[in-house]
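Quick note, the sequence shown lines up with residues 1 to 285 if you use UniProt numbering.
Everything labelled a hint here was simulated from the structure, so no lab data went into it. Warning: the hint list may mix true and false statements.
Label-pair ranges, simulated between beta-carbon atoms [what the hints assert, rightly or not]:
(1) L134 / H51: 47 to 53 Å
(2) K230 / D204: 34 to 40 Å
(3) S91 / K29: 58 to 64 Å
(4) H51 / P78: 20 to 26 Å
(5) N116 / V280: 26 to 32 Å
(6) V133 / K41: 44 to 50 Å
(7) D208 / K41: 44 to 50 Å
(8) T187 / P12: 47 to 53 Å
(9) P12 / K230: 41 to 47 Å
Derived EDC-like pairs (lysine to aspartate or glutamate); straight-line CA-CA distance at most 16 Å [what the hints assert, rightly or not]:
(10) K248 / E216
(11) K194 / E216
(12) K142 / D178
(13) K212 / D44
(14) K242 / D256
(15) K253 / D266
(16) K248 / D88
(17) K259 / D178
(18) K253 / D204
(19) K103 / E207
(20) K212 / D178
(21) K248 / D204
(22) K217 / D178
(23) K253 / D88
(24) K246 / D266
(25) K90 / D178
(26) K268 / E71
(27) K74 / D204
(28) K212 / D88
(29) K205 / D88
(30) K259 / E216
(31) K90 / D256
(32) K123 / E32
(33) K242 / D169
(34) K210 / E32
(35) K115 / E32
(36) K90 / D266
(37) K205 / D166
(38) K259 / D88
(39) K41 / D63
(40) K217 / D88
Cβ coordinates follow ideal geometry from the N, Cα and C atoms, glycine included.
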Amino acid sequence: MRHECAKDGKDPGLCTSYRPVCLLPTLGKIIERLFLLQLNKWLDRNNIIHHNQYGFREGKSCDLAIHDLIETIKIRMPSEHLALVSLDIKSAFDTMNWPVLFKTLESYGFPAFFKNFIYFYLKNRRVFYTNDVLEISRPCSKGCPQGSVIAPTIWNIYINSILINDRPDLHIQAFADDLVLLIGGRTARELENKTNLILAAISDKLEDLKLKLSIEKCQAVVYRSIASQKFSKRNSTVLNRKPTFKIKNHSIKVSDSLKILGITIDNKLSWTAHFLTLHVQKLYS
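Produce the complete structure using the sequences and hints provided.
Structure (structure tokens):
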């Protein structure tokens, strides 16, 4: 059973202002926990989940995700211009497509036991909305049950096909549904062209999973290579012209900083923007 809970600060008159949360019996959670122990053993033994998935995994964390991302930038920055792009998947957990999920399980060779458990776990779910006047329920045929024990692992399996596109010139990292791309180019023009091609390819692969990007929430930060800074009159860390990055012919915002997993990362790796953000939050808290 899933109940709709309003998100903080959202207009209660809009459907998108509500987050479905699962209400599960204690016995059901115990069974899920036992199932998850076996599922994780199988995933680890067969090396299914990509190492760049940092969400809901033993030995992984937000701190490690940020650390590894910064270190990757530092390693590549001496010889390459870099684009750090944060991608926002629209209602990610709520739009997970069940037929696509089971095709994914099949492609990885999951044993029948795991597929059957997940099938009957998702079957016959309903969404309830209740207020002072009425109660409405509807059958649920998609989505990852938020609040359940096994949902985060199911999501990691579902999104894994995006992470396997990671390669030397394209670093893809995730914390659950938070996706980050790091793309390099020897020149500003090469960086712009490569980034746009990669954004188009990732967008298409997400659509294959029946997922869509909230383009207006996607952002990018650009880093000038250290080698090219030496040829700048002022040793500028900023490119002479900001590149234009687009998804589906819509430009995404290129700024001096962006927030990833609660940490503000700027185009100088100085942490100044993050400290200012914390200062402002402290003043108004």
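Given the hinted pair K74 and D204, is their alpha-carbon gap at most 16 Å? Judged against 16 Å, a Cα distance of about 29 Å means the pair is violated.
Given pair status - E32, K123, alpha carbons within 16 Å: Between K123 and E32 the Cα gap is close to 15 Å, so the pair holds against 16 Å.
Measure nothing beyond the straight line between the CA atoms of K212 and D44; if it is 16 Å or shorter, mark the hint as holding. With Cα atoms ~29 Å apart, K212 and D44 exceed 16 Å; violated.
Is the hinted pair K242 and D169 satisfied, with a Cα-Cα distance of at most 16 Å? Violated: K242 and D169 sit about 20 Å apart, past 16 Å.
Note whether the CB distance of N116 and V280 lies within 26 to 32 Å or breaks it. The hint (26 to 32 Å, Cβ to Cβ) is violated, given that N116 and V280 are roughly 51 Å apart.
For a C-alpha distance cap of 16 Å, please report whether K103 and E207 respect it. 15 Å, holds
Proposed proximity, D266 with K90 (alpha carbon, max 16 Å): Not OK: K90 and D266 at ~25 Å, beyond 16 Å, violated.
Between K41 and D63, does the CA-CA distance stay at or below 16 Å? Measuring from Cα to Cα gives roughly 24 Å; hence the hint is violated.
Mind checking the alpha carbons of K259 and E216 for me, to see if they're no more than 16 Å apart? Given pair K259, E216 holds - Cα atoms ~15 Å apart, limit 16 Å.
Given the hinted pair K90 and D256, is their alpha-carbon gap at most 16 Å? With Cα atoms ~24 Å apart, K90 and D256 exceed 16 Å; violated.
Verify the CB-CB distance for D208 and K41 against the hinted window 44 to 50 Å. 29 Å, violated
Taking 16 Å as the top limit, are the C-alpha atoms of K205 and D88 close enough? With Cα atoms ~14 Å apart, K205 and D88 stay inside 16 Å; holds.
When each numbered hint is compared with the structure, violations occur for hints 3, 5, 7, 9, 11, 12, 13, 18, 24, 27, 31, 33, 34, 36, 39.
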